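There are 4 protein chains.
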Amino acid sequence: MKQIVTGVIGAGRIGRLHAENLIFNMPRQFKVKSIADPFIDRAWAEECGITVVLEDYKEILNDPEIEAVLICSPSDMHAEQIIEAAEAGKQIFCEKPVALDIDRIKECIEACKKAGIICQVGFNRRFDPDFAKVRESVLDGKLGEPHIVRITSRDPEPPPAKYIKQSGGIFLDMTIHDFDMARFLANSDVEEVYASGAVLVDPAIGEQGDVDTAMINLKFANGALGVIDNSRKAVYGYDQRVEVFGSKGCMQAENKTQTRTVFSGADGVVSEKPLFFFLERYNQAYINELQAFHAAVSGTGKVPCDVTDGLEAVLIGKAAIKSLKENRPVKLAEIAE
Amino acid sequence: MKQIVTGVIGAGRIGRLHAENLIFNMPRQFKVKSIADPFIDRAWAEECGITVVLEDYKEILNDPEIEAVLICSPSDMHAEQIIEAAEAGKQIFCEKPVALDIDRIKECIEACKKAGIICQVGFNRRFDPDFAKVRESVLDGKLGEPHIVRITSRDPEPPPAKYIKQSGGIFLDMTIHDFDMARFLANSDVEEVYASGAVLVDPAIGEQGDVDTAMINLKFANGALGVIDNSRKAVYGYDQRVEVFGSKGCMQAENKTQTRTVFSGADGVVSEKPLFFFLERYNQAYINELQAFHAAVSGTGKVPCDVTDGLEAVLIGKAAIKSLKENRPVKLAEIAE
Amino acid sequence: MKQIVTGVIGAGRIGRLHAENLIFNMPRQFKVKSIADPFIDRAWAEECGITVVLEDYKEILNDPEIEAVLICSPSDMHAEQIIEAAEAGKQIFCEKPVALDIDRIKECIEACKKAGIICQVGFNRRFDPDFAKVRESVLDGKLGEPHIVRITSRDPEPPPAKYIKQSGGIFLDMTIHDFDMARFLANSDVEEVYASGAVLVDPAIGEQGDVDTAMINLKFANGALGVIDNSRKAVYGYDQRVEVFGSKGCMQAENKTQTRTVFSGADGVVSEKPLFFFLERYNQAYINELQAFHAAVSGTGKVPCDVTDGLEAVLIGKAAIKSLKENRPVKLAEIAE
Amino acid sequence: MKQIVTGVIGAGRIGRLHAENLIFNMPRQFKVKSIADPFIDRAWAEECGITVVLEDYKEILNDPEIEAVLICSPSDMHAEQIIEAAEAGKQIFCEKPVALDIDRIKECIEACKKAGIICQVGFNRRFDPDFAKVRESVLDGKLGEPHIVRITSRDPEPPPAKYIKQSGGIFLDMTIHDFDMARFLANSDVEEVYASGAVLVDPAIGEQGDVDTAMINLKFANGALGVIDNSRKAVYGYDQRVEVFGSKGCMQAENKTQTRTVFSGADGVVSEKPLFFFLERYNQAYINELQAFHAAVSGTGKVPCDVTDGLEAVLIGKAAIKSLKENRPVKLAEIAE
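Chains as they are written, first to last, in our numbering: chain A, 941 to 1277; chain B, 941 to 1277; chain C, 941 to 1277; chain D, 941 to 1277.
If you're looking for bench data, these hints aren't it; they were derived computationally from the structure. Take these hints with a grain of salt, some might be off.
Said to hold, decoys possible - Derived coverage of chain C by chain B (criterion: at least 3 residues anywhere in the stretch with Cβ under 8 Å from a Cβ of chain B; other residues may be distant):
1) 1012-1018
2) 1241-1248
Claimed, not checked - Capping the alpha-carbon separation at 30 Å, the derived lysine-lysine pairs in DSSO-like fashion look like this:
3) C/LYS971 / B/LYS973
4) A/LYS1082 / C/LYS1105
5) B/LYS1053 / B/LYS1271
6) C/LYS971 / C/LYS1105
7) D/LYS1271 / C/LYS1173
8) C/LYS1173 / C/LYS1073
9) A/LYS1188 / B/LYS973
Said to hold, decoys possible - Facing chain B, a subset of chain A residues (Cβ under 7 Å, in silico):
10) HIS1087
11) ILE1088
12) TYR1134
13) ALA1138
14) THR1153
15) MET1155
16) ASN1157
17) LEU1165
18) VAL1167
19) VAL1175
20) ILE1227
21) ASN1267
22) PRO1269
Everything numeric in this text was worked out from a predicted model, so none of it was measured. Here a beta-carbon is modelled for each residue, glycine too, at the ideal position from N, C-alpha and C.
Make a model of the complete structure from these sequences and hints.
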């Protein structure tokens, strides 16, 4: 097995998560040589045994020994770093979103193509074993032709209202995962979107011009219909369920819990709440996506999701924003132009 | 307990079901004196011990001993019979839909009001113990404010394509139950509808100008969002599930099965398919709705769903038809005018 | 369908339950002509429309119009009434236990045989649809050869300690149902019993010389092994589960609940407790056993459980008592002698 | 965090599993310096980066740099190696069973005590998160006083009959895990055992004088009752369930599956079979037990299960063998003497 020398750009929550997964779970596959972040926690880096700790990510790009980079910086830096990393000939794993601007994303696609490098986008949920199994049951025909795709995706707590301002709103910071999941499960592109929304959780979110509860209808190219429902706050935790209904049957992936113990007591029969939030829920998926990245870089696998997928998810998000604003179904073709 | 002398108009499948429930399950509450149907199976009536078997329902209306009638005739006769029965001073239980024409339904409302009689409409699903419990959890505040209502409603087999022609199509013959259920669960009227649909099950349905797979978004007066997904054919049977998500929690009602046995074998862990179709699934609900009718007629309870509810369901159905045709959200106010 | 003219002996809780089931659920199959109980509630009988209300059950036996009797009197009267009813040529349905004395039960078997009449014993649990399906899966070979039979049977509340004195103790008043269920599910007789027990719920039960928590091992004639666990008090309600493990798979019947709704809230994911006690849990089973009795009397079915089955259950119970006392496995052959 | 320099004795299936867990999952906690096995796969060792590969385990014991050893050799070498390792002052993790001879186990206890070192025994199931949660609910009083402990433990496939000969039979090679689990869950020692068994799976097992299907009753020192049911062959896979019933409620741990997806198709509603066998099922438990060992060696935690626990499990196993042979309940005191 080839060990890939890697640099990590960005040491925030997700950057540290990926770095730790590479170091402690995939030591045979990856060697984390260096990490760059202006505000890095050096004690943490030392504990992880990362020897090269940098402030400027460009030093990683200039290091000829480094074959692959993980871009985990703030979202608005992703596109620039992708382009620079591509030009430096690095294989790229980039957190989503690639960018919120369509043209910028297209530049990234172009840059990667020109450089002949891989750019995997961090749609981690695709690597969840349950969702992957639903997808597989679509691909292998077990479900027949997909007719209906249903996704429930609810967060345990809303983000601070000020986060909304920079994030692009619910459709670009939260539903964007579900948009990708919808394409993944239907095995088809989305052609049209109708979004409805409401402010039912936190009025401060409404004051930012966003909604906190949403229902989004999707029409897929293959004729299937889809629906995503979102809430910024489910009191019982992180609710992440999917269902694909097809001509030969229906497959559901239910929430996951810490244990499967069930307690029968005077007040009822109680099982556990869903795993708290994405770090717990998609723990295995974060490892799996980097294993897939290893396979893609080593040439033993295909890139499972790239900047094109990132582009599609943003297009759907933009269509949803326009649909909500204008209260009408919006075709992706309108946005893509 | 007061025994109510009753006449049954129409002895098709649903008429016979109701008559048998009255005779064999509620003998203390109801006495079925007579039944009218031009094509009645007299042997069946005899076995049930119904002594007066008529061809013309007007004889039931003219019988002064009869206090209540069950209208189970073909749908296009409902409105006329409601009006006549109201004029004859009978208490009425009528199968849905009351009529497909909005004005005609309003005439029925008027006639009942003028006669001072009860007209309960057969929205049997409201009386399903599971769905009733979800509703109750909305009313008693256990779920907090309702934010999202989700209904999955899929039939085991599509009807013959020619049935579609007379039925008014999927939104008026099938989804109409779900429209009522949505209002029931959200405890709120629907204000706007957006419907998408596709022909994925049977092209013959498409040739009738109808769809066989549908996804309908609802906006409720109380601010909640709703979605209904329908299919004319689920290979695993009659799929009838609801979910209400609110500020304090989420309640789901799953499918019911004949038994709760689970078989673990070499091919997997297998539990039963949902109960086959509406007669099995809503078996208890059909009994419960007539017990509620008894209570309403006896004055010990309120009419749980009347012609006004029937009107609302048809309005939503008409809005869905228009929405699908014009591919835009349609307000109920547009239809009601 | 033949309507069987029936008399009910005993109008306590179970007598009234059976009478109401006959009258309100099976009016075509049975006519309840008379009921006898020295302490009968006449208002109840009137409401049920039973015209002949007697103090002395012998009048029922002397009524030539009556074809079948239901014996629902106190347990210590069962044997005498079976013998008298058999001599009077009545078809018999008798509540369990037939008697606690082995010889007395054998006299009942003899009397029925001599009279050529049917005597069905009220092992109602055999008629529960879930348990019946497990049995059916043993009979039709779906489970292969049965290897292990597991029964969990726990009551919601202990009976008053003084009841224990007359009942014969836990093995004869409570586990006796499970002993019959074990034979039913294994499709085999029991050959040897080892019982352990403890007083963990109520010391007053211990003072009566009985246990309130028990674990009973069974060896079946067909080689399978069985275990029953009992408690007089499960705080979450009436816990009634069975499992048969065989060479081709395992089938479990889980507890039943009022509805299948599930509430996800801040404290967990909560489903309903089991149905409260036997009247609720075996509601359908009580109806089904009388339908089977109707079939047996009408000659369209076989008697599903008779005095011989009652005898076997008591033999196992006696073996369990002896086993607990002597702390050793006890063969049924020891008791039968 | 202190990194413990470790040597692994034995590189069979379980030795390699532990070594890989130390190297690839706990690189901060452990450094695997050397491994000893006369038949070692050197390519595997190289891939794992283990630099010192030995044939003779004594070289590990003689290496002053090594602080801890994992004994994963054939069972009949465990006791000798424990004693030698203790004498060499190494901290010990030893696979079960310690020995099949009671006196030999006592010598091990003595040797560890004398040397003042830790000897953790590999009762991996205690570290399964589900079972650990049931235990915790006993300890924290959530279940009240424990009354009944139920363990179902069935293997997917029987071992070769010749394995039985050396293993000591089902009670010492298979049920021994359940005996430890029973003590763990009841939080109490076992005082008396009654075992029944049958040969229903494979006659060759019977020819070795062993059984392949067993039911074992336990009486605990705290008054609770327990039962374990075993089969060497469950066609649906590795069936590992536990239940503790107490005065305040009941907790169950159900089987675990690869995913929680559910497929509804024409043949039923199908969920996954249990995880195939112990390596998959107890994957996390194997990691957790070594983390606990790290804590115990580092002085940040207590040894969770030691040779005394190993002794108790063997005593119960010996009592079960005697009970089965003599068909009578056997007290542990009889065996311990």
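Hint check:
no.	hint	in the structure
1	1012-1018	violated (count 0)
2	1241-1248	violated (count 0)
3	C/LYS971 / B/LYS973	holds, 21 Å
4	A/LYS1082 / C/LYS1105	violated, 61 Å
5	B/LYS1053 / B/LYS1271	holds, 27 Å
6	C/LYS971 / C/LYS1105	violated, 37 Å
7	D/LYS1271 / C/LYS1173	holds, 28 Å
8	C/LYS1173 / C/LYS1073	holds, 27 Å
9	A/LYS1188 / B/LYS973	violated, 47 Å
10	HIS1087	holds, 5 Å
11	ILE1088	holds, 5 Å
12	TYR1134	holds, 6 Å
13	ALA1138	holds, 5 Å
14	THR1153	holds, 5 Å
15	MET1155	holds, 4 Å
16	ASN1157	holds, 6 Å
17	LEU1165	holds, 4 Å
18	VAL1167	holds, 5 Å
19	VAL1175	holds, 6 Å
20	ILE1227	violated, 27 Å
21	ASN1267	holds, 6 Å
22	PRO1269	holds, 6 Å
Taken one by one, the earlier hints fail for this structure at numbers 1, 2, 4, 6, 9 and 20, listed in ascending order.
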